[in-house]
Amino acid sequence: MSANPKLSTWAGILLLISLPAPILIIIGASFSDTSYIQFPPEGLSLRWYRDALFDPRWPRAFAISVGIAAVTAVIVTIVSFMAAYYTQRHAPKLATWLELAIFSPLFFPHAAMGVAMVALVAQFGLIGTAPGIVLAHLIVTLPFSYRPIHIALRSLDPDLVRAANVMGASEWRALKDIVIPMCRSGILTSLLFAGIISFDEVTVTMFLIGPNISTLPVQIFSFVQDSATPVLAAISTISVLITFLAVLILDRVAGLTFFVRHDGA
Amino acid sequence: MSPAQPEALAPAAPFRAARGSIHVAGVAKAYGATTVLTGLDLTVEAGTFVTLLGPSGCGKTTLLRLIAGFIQPSAGKIAIDGRDMAGLPPQRRPIGMVFQNLALFPHFSVEENVAYGLRLRNVPETELRRKVKTFLDLVGLGHLGNRRISQLSGGQKQRVALARSLVLEPSILLLDEPLSALDLQLRKQLQVALKEIQRELGTTFVFVTHDQEEATLMSDRIVVMSAGAIQQYDTPPAIYSQPANLFVAKFVGELNEIPGRIAAVTAGTIEIDGPGGRHALPASGLRGFSPAAGASCVIGLRPERIAILPPDADAGGRIALPGTVIERIALGPVLRFILRCGEQRLVAVRLASDGAALPEAGSTCRIAFDPADAQVFEPLAAPAAASFGEKP
Amino acid sequence: MTETQPASPAKALLLLPVLVLLGLFFVSVFQLFSNGFADADGWSLRYFRQILNRSDYQVIFARTILSSLTVALLSVALSYPIALLLWRLERWRNTLLIVVLVPWLVSLVVRTYGWLVLLGPKGVINGMLAWTGIVHQPLALMFNDLGIVIGLTHVLIPFAVISILSSLLAIESNLEEASGVLGASRFQTFRRIVLPLSLPGAFTALIVIFLASIGAIVTPIVLGGMSHQFVGSQIYQEVMYTFNLNKAAAWSICLLAISFLSLLLLKAIERRLIGTLE
Chain A
0 MSANPKLSTW AGILLLISLP APILIIIGAS FSDTSYIQFP PEGLSLRWYR
50 DALFDPRWPR AFAISVGIAA VTAVIVTIVS FMAAYYTQRH APKLATWLEL
100 AIFSPLFFPH AAMGVAMVAL VAQFGLIGTA PGIVLAHLIV TLPFSYRPIH
150 IALRSLDPDL VRAANVMGAS EWRALKDIVI PMCRSGILTS LLFAGIISFD
200 EVTVTMFLIG PNISTLPVQI FSFVQDSATP VLAAISTISV LITFLAVLIL
250 DRVAGLTFFV RHDGA
Chain B
0 MSPAQPEALA PAAPFRAARG SIHVAGVAKA YGATTVLTGL DLTVEAGTFV
50 TLLGPSGCGK TTLLRLIAGF IQPSAGKIAI DGRDMAGLPP QRRPIGMVFQ
100 NLALFPHFSV EENVAYGLRL RNVPETELRR KVKTFLDLVG LGHLGNRRIS
150 QLSGGQKQRV ALARSLVLEP SILLLDEPLS ALDLQLRKQL QVALKEIQRE
200 LGTTFVFVTH DQEEATLMSD RIVVMSAGAI QQYDTPPAIY SQPANLFVAK
250 FVGELNEIPG RIAAVTAGTI EIDGPGGRHA LPASGLRGFS PAAGASCVIG
300 LRPERIAILP PDADAGGRIA LPGTVIERIA LGPVLRFILR CGEQRLVAVR
350 LASDGAALPE AGSTCRIAFD PADAQVFEPL AAPAAASFGE KP
Chain C
0 MTETQPASPA KALLLLPVLV LLGLFFVSVF QLFSNGFADA DGWSLRYFRQ
50 ILNRSDYQVI FARTILSSLT VALLSVALSY PIALLLWRLE RWRNTLLIVV
100 LVPWLVSLVV RTYGWLVLLG PKGVINGMLA WTGIVHQPLA LMFNDLGIVI
150 GLTHVLIPFA VISILSSLLA IESNLEEASG VLGASRFQTF RRIVLPLSLP
200 GAFTALIVIF LASIGAIVTP IVLGGMSHQF VGSQIYQEVM YTFNLNKAAA
250 WSICLLAISF LSLLLLKAIE RRLIGTLE
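Protein chains in written order, with numbering that gives the first Met the number 0: chain A, 0 to 264; chain B, 0 to 391; chain C, 0 to 277.
Hints in this document: simulated from the structure, not taken from any laboratory. Do not rely on the hints blindly, as some may be mistaken.
In silico DSS-like links for lysine-lysine, alpha-carbon gap of 25 Å or less [what the hints assert, rightly or not]:
1) B:LYS132 <-> B:LYS76
2) C:LYS10 <-> A:LYS175
3) C:LYS121 <-> A:LYS92
Some chain A residues well away from chain B (every beta-carbon gap over 12 Å; in silico) [to be verified]:
4) LEU15
5) PRO157
6) ALA163
7) ALA168
Ideal placement from N, C-alpha and C gives every residue a C-beta, glycine not left out.
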């Protein structure tokens, strides 16, 4: 497959370019002037953005998605931090078991996860409510939030905490003054990563929406099935932009090589 | 990087500790079935510079951590200033600590690092500023307060770690091999600086190292440890000249070991069969064991106690054996000789200024020593600490 | 020597939130199973019998498994050149990683929608082909298995790139050079050094992508339509249109069974393959 180095390099470049291609097509289409997406494109306009903005369903779905993502990211990060901190400092023997449990949802096919979440959320009568969606998102994002925090805590020199203790810091003070600031990039990675996943989640979320609540990706999905209006392209472009910004921030705070570091669980 | 000048320090000298004693009684530590420390007893008087010296794995760091309160003893008691420390976490003990990797807070500036402990104690801002300045001056870093930790050199980091601990005026400062990562030059500078600061403040320093030279240079007293037990606790000169056993003698300073067998024991004298026949040695040279006739032993000789004479010279009442000079090495102020006496290799050290009278490599000679300079040890049990000290 | 501080029992409360979340997850799995082995009247194997016996359902199963297998193999194969490119171009790695990560993190609805725009009868590809005069009738690029495989592969490739690159980065980066210096051809180097060492990452990708693919809902529905269904499409219908949670759960349990079996199988293959390569 890589017999010829030039061939493999060119194949790599070509395939790499193809990854964002469908996204770029959508961005291009969102500025088209015609009411359906066509090739070659004719004319440029911002009318689809205007349409999206003035149809109250889209700003509403957008606001709900952002809200749910923010709440999910904050809660799941706190939960992960508490668990990772406790196991590493007080119960290292528990760590392996806890990780196994936390990572087990990753081996659940999404569709099955969706049905399981429906059953759970329905039990609490929370179908079609924001808390129901947040609950499912917490379970879905937990492994992605736990990993960066766990790595950050593990790479923290334990002597730093001991030094703070000797200088008179209680465990709580050392946590506040030393551990949390030193794990800043891991915590921010968790917040952004969980936030992005929640913001973009659709397979589980679409079972949990109701007449009064829908998220941006779920609403795009239901529109895609009915019509292919370029409004969708405009909405999608905005959602891509948000994800892109989040990735850039992630790059700044933690470096993207975090994703390909091999020291994780 | 000059160490603080005592004159300049005098008016600002923050305190003189009258406190700082440590009492360790029957302290043992075991992890499961593994025993790390076996019932230690130790009394450190206030204001001393004590070094815990031993090979890695001897338990010196464990003892330090027990005093710090990071771990609790399996048995026994530790008291600081007469107060029992049982169950007290590190933050409630009157101690400071300098860690091996220093553990400076990288997200704080130099000043913030030094101020951290004071802030925890709610020291008023003006007094806090004054103290931080006093102690940064003390370690010679008064001008670097605003630097980030990452902008400091290795030696400067050491000084910050020291200032950060001392500013809290602990009764005892624990130092866990803080110099081990530095190059030799810097290390020597800081050894002197550290000793001077300790003398200035009068704080009890408990210093952990595996470097016997460092220990000898800095300490008032040395605790030589091996296999989880204290082998000897004494002043550096006493440990060098009166080692408690062969382990201590080999670990602190260089030692020629000559195997022998005890032939007879009389009051005041022991007769030993060794190289060159039977020798009578004074019983005052016995170190830590009561020999019986027929037992094997080791005759220990410090290199500077061995004289090298021309083949026909008069030994003048000393024990003299025929030998050969294998090598003669000039090491600045001293000459180092590698000698052979029968099967036995010996190392001798003489002053370079006496060099003209000393034989060249390859020549035959007489190897002489005063019987009163010979020490007699019980051989070490099989593998214990076999690899320490240079084998003569 | 790391010692742990004696914990006061109150501190164990820090574990409570995560235990609650994990507990809820296990409750949901329990719910899934009790739903699957029941119908409206109580315990029953009715839906399993239905799912396993109906021939149209067997087609859906076969499509899901075979398509997912194709998607997994295709994703891993196509991601190798990308991963190698990123591995070799150390200076550009971070920038190029953005090109991989952004598509990975963009919602899969948006990416699937992009393929709809590309593959549709009036889509960009057909438009381009017609414009250049290569074809006169639009090609059937979607509402079939081809569309599903293209869409899913594209959606899942970034994960394979990340997984393989992680393995490659664990290799000493100068190993490839060293092997070259020793006279190995580029292909030999790849076969003897790069391939075996990147194999764990490739297998992780294979497993994860297969699992993600058999559990997909959105992409098969949008690009396969109702004529070319996946197990996920069936589950979607049962939950959203017929409100039969028991049947949806039975389908899900079948998915879980397939996942579990394929996980065991792939692990066994991985062990043997790594054994022979070493």
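Each hint tested on the structure:
1. B:LYS132 <-> B:LYS76: 38 Å, violated
2. C:LYS10 <-> A:LYS175: 15 Å, holds
3. C:LYS121 <-> A:LYS92: The hint is violated at about 59 Å.
4. LEU15: 36 Å, holds
5. PRO157: 9 Å, violated
6. ALA163: 7 Å, violated
7. ALA168: 6 Å, violated
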